[in-house]
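J.: Sequence:
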Amino acid sequence: MRNSEKRLLVIVLLLACIVPFVWSNSQLFHVWRVQKHIQRIGPAWEAFQRTNSGFEGVQFFAYTGGNGMLGAYGAIGTEEQVQRLRRFIDVTSPPRPVYLGALRVVGDDAPDTNKLSKP
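Read in order, the letters of the sequence shown are residues 0 to 118 in numbering that gives the first Met the number 0.
Honestly, the hints are just simulated from the structure, not real lab data.
Hints should not be assumed to be uniformly reliable.
[Unchecked claim] Simulated restraints on C-beta separations:
hint, residue 1, residue 2, range
1, E79, E45, 20 to 30 Å
2, V81, S3, 55 to 65 Å
3, R39, N2, 40 to 50 Å
4, K5, T50, 49 to 59 Å
5, L13, Q38, 23 to 33 Å
6, A46, S3, 41 to 51 Å
[Said to hold, decoys possible] Cut-off 25 Å, straight-line C-alpha distance, at most; resulting in silico cross-link-like pairs (SDA-like, lysine to any residue):
hint, residue 1, residue 2
7, K35, Y98
8, K35, R49
9, K35, P93
10, K35, V90
11, K35, Y72
12, K35, A46
13, K35, R95
14, K35, N24
15, K35, P96
16, K35, A61
17, K35, N2
18, K35, L102
19, K35, V105
20, K35, N66
21, K35, F47
22, K35, T91
From a predicted model like this one, the values you see are computed outputs, not experimental measurements.
Glycine included, every Cβ here is placed at the ideal spot set by N, Cα and C.
Hey, can you work out the whole structure from these sequences and the hints?
T.: Here is the structure:
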């Protein structure tokens, strides 16, 4: 057996060991599916941002919580915009649940977390 054949055999054996691990790890698999979904909806998201102002600071990411979820983070102006974002995401049929806990509502209707509560 030549050296090139030995190298190829080692690579094939390594892949035979790695691939089942990757596919059996559900979180890794779900995160991979979410990343593919984010890539697939990229053009629709860009079109949505062009026709809806206030979403420039929002980005999607594969969130590892919940065994892999579609997450969105960034600053957004109003709670109504959060709902519009949620509707957009729902229309894209994400492969996993959606996590919006990393969004910050910064507009006038945002809850003021800086105020101290008075007794």
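J.: Now tell me, hint by hint, if it's right for this structure.
T.: These are the hints, each one checked on the structure:
no. : hint                  : in the structure
1   : E79 - E45: 20 to 30 Å : holds, 21 Å
2   : V81 - S3: 55 to 65 Å  : holds, 56 Å
3   : R39 - N2: 40 to 50 Å  : holds, 41 Å
4   : K5 - T50: 49 to 59 Å  : holds, 57 Å
5   : L13 - Q38: 23 to 33 Å : holds, 27 Å
6   : A46 - S3: 41 to 51 Å  : holds, 49 Å
7   : K35 - Y98             : holds, 17 Å
8   : K35 - R49             : holds, 22 Å
9   : K35 - P93             : holds, 10 Å
10  : K35 - V90             : holds, 16 Å
11  : K35 - Y72             : holds, 18 Å
12  : K35 - A46             : holds, 18 Å
13  : K35 - R95             : holds, 12 Å
14  : K35 - N24             : holds, 17 Å
15  : K35 - P96             : holds, 15 Å
16  : K35 - A61             : holds, 10 Å
17  : K35 - N2              : violated, 37 Å
18  : K35 - L102            : holds, 21 Å
19  : K35 - V105            : violated, 30 Å
20  : K35 - N66             : holds, 16 Å
21  : K35 - F47             : holds, 19 Å
22  : K35 - T91             : holds, 12 Å
The earlier numbered hints that this structure contradicts are 17, 19.
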